[in-house]
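Could you build the full structure based on these sequences and the hints that come with them?
Keeping their order, the protein sequence lines are chains A and B.
Reading the first sequence from the start, the letters are residues 153 to 561 in the numbering used here.
Reading the second sequence from the start, the letters are residues 632 to 1041 in the numbering used here.
In case anyone wonders, no lab produced these hints; they're calculated from the structure.
Among the hints, a few may not be true.
Derived, one-sided and incomplete: chain B residues facing chain A with beta-carbon distance under 10 Å [claimed, not checked]: (1) Asp690; (2) Gly693; (3) Leu694; (4) Gly869; (5) Leu969; (6) Pro973; (7) Leu1025.
A virtual CB, placed ideally from N, CA and C, is assigned to each residue, including glycine.
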Amino acid sequence: MTNQNKPLSGVRVLELGPYVALPLTGRILASLGAEVIKVETNKVLDEMNFIPAWSRGGGQPEFQRGKKRITIDVRTPDGLEVFKELVKVSDVFITNFRRNILDRWGIDFPELRRLRQDIILMWQTGLGGIGPYYTYKSYGILVQHMGGVSLMSGEEGEPPATINTSYSDYHTGVFQPVAIMGALLRRRLTGQPATMESSIFKSGALTAGPAILDYQSMGRVPQRIGNRDPFAAPHGAYQCQGDDRWCAIAIQTEEQWQSFRQVIGNPDWCSEDAFSTMEFRLANQDRLDTLVGEWAATRTAEDVMTQLQDAGVPASVVSQGQDLYESEHLKARGFYQPTPYYLADRSNPAYEWEQFEGIAAANPPKMSESPMDFGSYSNIGEDNDYVFKEILGMSQAEVDRFTKNQSLY
Amino acid sequence: MSFQAPADGVLLPPYRILDLTGPEGVFCGKLLADYGAEVIKVEPPAGDPARQRPPFIGDEPGLERSSYFLFYNTNKRSVTVDIESPEGQDLFKKLAASADVIIESFSVGYMKYLGLDFDSLKTNNPGLIMASITPFGQTGPWKDYKSTDLISLAASGFMQITGDPDGPPLRQGNEQSHFPGSQHAVTAIMGALLYRDLQDGQGQYIDVSMQEAMITYYTDAHPALAWMQRGENVTRVGTNSTLVIPLGAYPSKDGWISAGIITPREWENLSNWMYEVTGNEEILNDDYKGGNQDRAPYNDIITALVIDFTTRFTSEELFHQGQERNLVFIPVNTVSDLLNDPQLEASNFWFDLDHAEVGTLKYPLGVFDSDEVTPVTKPAPYLGQDNDAIYGDLGLGESELAALRTGGAI
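See the structure below:
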């Protein structure tokens, strides 16, 4: 008989907080079988409901799938009491509110621990929970700058190149489930709970990488070198036919260089001394890039990639949305899946929002015995009845009263 | 199997994890090792090629001196074994029988070619968990495609949205393809361990595609959804975002400063402050008021006004004075700034690790901070330093080990 359990069957997680990293953590835990209860309020909507602007709410399944979504305004006395009852029946609490705000609401960590002695607390901060900036507000999309990566990205002499996304948030969002699962194992084995604090700043700074050691050793600060590489040439993105179409090529070995020569028809310049070794190719890469670029420019990016990959040379189209959406490879792996979503509207409560169809990515790991669930998708507040009545045992009259006075709203 | 309590102050039980990965998965083992798992780096007798990667500490080449190797292999142990030789394969099978988890990133099919694939290894170890972290995963038409950091950044679409709209797609610094696949793999490995040890489950196989993992690291740009719903391809926007306006990196008096105005209240605070400083009434224009997308039609005008403002301050002034006005200005740091940052200093982020050959250096280990659990603090291992201890525990005697050494298997 197959085991129907999931890795986190029987684990209940209470989630309070907006944006990217924290909801992503909740989604991953839900996909592994935890019952994740997400607390929101119609009064203050997560700004992520409005990003992307052209599909309000279309981005939310990526972060909220698999969760039980309920509305509680924890700033109201009745809402706070209901929230505290949920804490008592939860194994894990995750939040990204700043400590002074949690204190103001009366759900500081000592109080949470008093309500549920063995609860695992994951407190996600922007810049850190202690230290001189602990009260500082921050946004994950900017932490790619603070963590040191943007100053290493971009063309020589140009401004730091930015990736147009909340990049560092994702590191934090995927680190946190690891810490939480470790703490659950540890609690089972030792009986001890844990309070953990993560910061997007720390997650971002970690990705600055070996340059941290090189600076301590030699005082070198990493420079911006565009798409080039200290050890490989040709190495770059080459423009191809079409609108903003590029193919990246990275030749790291002599064998790949020989294959590359064959693919491009072994033109005379390939035999020049200037390109005879990796050392020479690196030294003469301005001209090398021009010549490779001339070859790529007369072809489609798909042609360049396919011809080179067929010969064992690392190459890829610089994927655009169309490439990803239509990718036969991603389709074969079931990566994007259809999902409903609800059109976000600040002037009406979520239960009045109109339903549409969109897509969301599957959780990337494919696990053979306990596959990660894509999960169902609830709208904000859709699971109020289940959570308040079935989990907390509240009466219909009580739920109605607290809904009417906007505590559970 | 090592389902036993973690040591005092350590997060993870001492699970035995065999790490055969290259750059695709090196961070996966590091994260598990930093939090207390027994991660054994399984190296060819000549050493992991990463040991050869410059720059070296002190610019002196040596197998124990690569900054790359030292950074990504903290808290791991090391054994050597030639998994391409029959003697080495036998030895590896013994090792695999003692393991909770194996992580590998070889080309698809290589482990099977060696007879060391999951189905073969699990016969002697039904609780075994094996994770493969590869550029495009184990299935699908691109599974055999060759990749590198640059190619993964291209295939995932990271590069499509990095850089200036008038310039080429750009690579991010420090090989960012190291992180998403490895981090997602750790979530699955942890899940598989909980499934096995707390849910009466068996071992299992985990397939992670770096391309898919990386696509999920810029989800809020929604490239596939934009194509599906609008027939548009999201692209590069330079240093300033189009998701929120204003948001991006701006020049300051002494370098760069980043800023993001997300709520209507923040815009009110910023526009008032800008008016106080510059006296330019244009910034108070009613058209610019509102939520983060309401300023989209005026992006160019607003960016120019913001730059006129930011260039009147140092980056530090904006960082701290911004917070007093509930505004987010964030410094644009390089590695020297990070090493001197008072917040990181106070956050239990840096740990001094003593390495017999390269000395004491500061490493970033503390992704989470806790009074109850802290990272382990051992430096990267010497090549094969744990051969005697680990192979000895498997029951190999001194003469057997000597024979394997002579034969070149270890």
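Self-check item: Numbers of the earlier hints that this structure fails to satisfy, in rising order
Solution: Those not satisfied are hints 2, 3, 7.
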